[in-house]
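Peer 1: Here the protein sequences come in this chain order: Y and R. Numbered by numbering that gives the first Met the number 0, the letters in the first sequence go through residues 0 to 178 in order. Numbered by numbering that gives the first Met the number 0, the letters in the second sequence go through residues 0 to 274 in order.
Derived from the structure by calculation, the hints contain no laboratory data. Do not rely on the hints blindly, as some may be mistaken.
[What the hints assert, rightly or not] Covered, in the sense of this in silico footprint (three residues per stretch, anywhere, with C-beta under 8 Å from a C-beta of chain R), are these stretches of chain Y:
1. 11-24
2. 50-58
3. 79-91
4. 124-138
[What the hints assert, rightly or not] Just a few of them, taken from the derived set where beta-carbon distance is under 10 Å, the chain R residues facing chain Y:
5. L20
6. F23
7. R49
8. S124
9. F130
[As the list claims (entries may be wrong)] Derived Cβ-Cβ restraints for the label pairs, each shown as a range:
10. R95/Y <-> V90/R: 51 to 61 Å
11. R189/R <-> G157/Y: 34 to 44 Å
12. F246/R <-> R94/Y: 28 to 38 Å
13. H207/R <-> G122/Y: 26 to 36 Å
14. T252/R <-> F169/Y: 46 to 56 Å
15. R189/R <-> L154/Y: 46 to 56 Å
16. G157/Y <-> A222/R: 51 to 61 Å
17. L102/R <-> I165/Y: 37 to 47 Å
18. A98/R <-> P35/Y: 26 to 36 Å
Treat the numbers as computed from the prediction; the structure is a model and nothing was measured. A virtual CB, placed ideally from N, CA and C, is assigned to each residue, including glycine.
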Amino acid sequence: MKRGAGRWPRAMGTAVTGLLLAVLGTTAFSWWALGPLRLEPIIVLVVSAGYRLPLVLGFMVVMFLGYVADLISGGVMGLNVVIFTVVYVICQLARRKLDISSWPFQMLSVGVLTILAHLLTAGAMTLTVPSYAPPVNLPLLLLAQALINAFTAPLFFGLNEALVGILAHFGPAERKVSP
Amino acid sequence: MNFFRKYRFPIIVGLFVLGALAYFSFSAGKGVERIPAGRYLLELTGPVQRGITEVGDWFNSIWRHYFALVQAAEENDRLKKELAALKQRTVDRDELELANRRLKKLLEFKANLDYPMVAAEVVGSDPSSQFKTVIINKGAADGVESLMPVVCAQGAVGRVIWSSPNYAKLLLLIDPNCGVDVIVQRSRARGVVEGAPGGELRLKYVIHTEDVALGDKVITSGAAGVYPKGVLVGTVSAVRQGQDGAFQRVQITPAVDFGRLEEVLVLLRRRQLDQ
Chain Y
0 MKRGAGRWPR AMGTAVTGLL LAVLGTTAFS WWALGPLRLE PIIVLVVSAG YRLPLVLGFM
60 VVMFLGYVAD LISGGVMGLN VVIFTVVYVI CQLARRKLDI SSWPFQMLSV GVLTILAHLL
120 TAGAMTLTVP SYAPPVNLPL LLLAQALINA FTAPLFFGLN EALVGILAHF GPAERKVSP
Chain R
0 MNFFRKYRFP IIVGLFVLGA LAYFSFSAGK GVERIPAGRY LLELTGPVQR GITEVGDWFN
60 SIWRHYFALV QAAEENDRLK KELAALKQRT VDRDELELAN RRLKKLLEFK ANLDYPMVAA
120 EVVGSDPSSQ FKTVIINKGA ADGVESLMPV VCAQGAVGRV IWSSPNYAKL LLLIDPNCGV
180 DVIVQRSRAR GVVEGAPGGE LRLKYVIHTE DVALGDKVIT SGAAGVYPKG VLVGTVSAVR
240 QGQDGAFQRV QITPAVDFGR LEEVLVLLRR RQLDQ
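Bound-form chain Y, shown alone (with noise of 0.2 Å):
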């Protein structure tokens, strides 16, 4: 059962997918870019861990991912880290209530976060950068970087999931905590 994988396994494989969708990123992913719009996987596995993570563990998943993100992206090293940490901590928040197993919730949840992500990147970037401006189409940009990501997110989580279940089968057995 992946849902219940462990939680080392779990988060093993989250850095590691991480990692291998950042080099990917930077090299195939960008071949298929339209325009500006990009796939961005790194968002989904944020959104993956902020689900099915532990508090503690996550965190240190999600901020080696903003690490990764910062070093193959941009200018401003530590951004990343800022804005996927808040990503983290609302799907932290929202997971007391709502369950990520469908599709359409992935979907959902990826969308509605690329929006929050990157209107957190241009609000930095306006009081970091004085020069910066966002661009006018800033708006329709989020809204067709979010449906990318919305429709491309059970891809990733599936890729995520399958390299936590090879992890978890391979891996070492959790000890059982009895109550």
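Dock chain R against chain Y, hints included.
Peer 2: Relative to the frame of chain Y, chain R by itself:
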């Protein structure tokens, strides 16, 4: 203990959010060179990026020059293969010729600049639409360090923002974080060029009395110590008198086509402030 159990969630969230913000402000102030883990991570991902790029190029070549022809002609297999092979050779020769021309321009450009420099290939581009950076296949082992200027045959490209032993990340001129001190070649009007939305550049701090006209060439001034003087940055494509403030609004079309950046030259020149 009960207090911690009761408020575990907000305490942990608060700690991590504060940690993230502290890291952000630390990194913004000190620069990424101080965080060594990133160097090794880029060393890990760099070869994979390079491999994927090469495999992608190979598949692209196969797709364009072989499969397309196979689909186009079905009745004569021998002729088709011969045609495909000939076309492939022509394309290869064209590609070699284009590469030769590019490298020749780069060599001519290199001869004009009296600085030690190292040529590098672009192996990865920024996955985000909001930032403009690329990764090249030369790093600290070749003498590439942060703040070194990067050029190509067409003109200024950007600067190195950090390097690992064998790879480096460049901040392109069209990124809003990148600023270069420049002069208008004809009138010697001075300003600062910064990235603007849509892949254009914006020339700032040029007062109303300065003479700037459409088509004027903009070159680096050498004043900020990063770039040598006289590297072409772009051409003035629009000039408007701003309604607010004392400055003109000048738009510049970059000399470099950043969408087709393949080879670059890193000037192995540490920042030199004006004497």
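Peer 1: For a quick check of understanding: which of the numbered hints are violated here, in increasing order?
Peer 2: 11, 12
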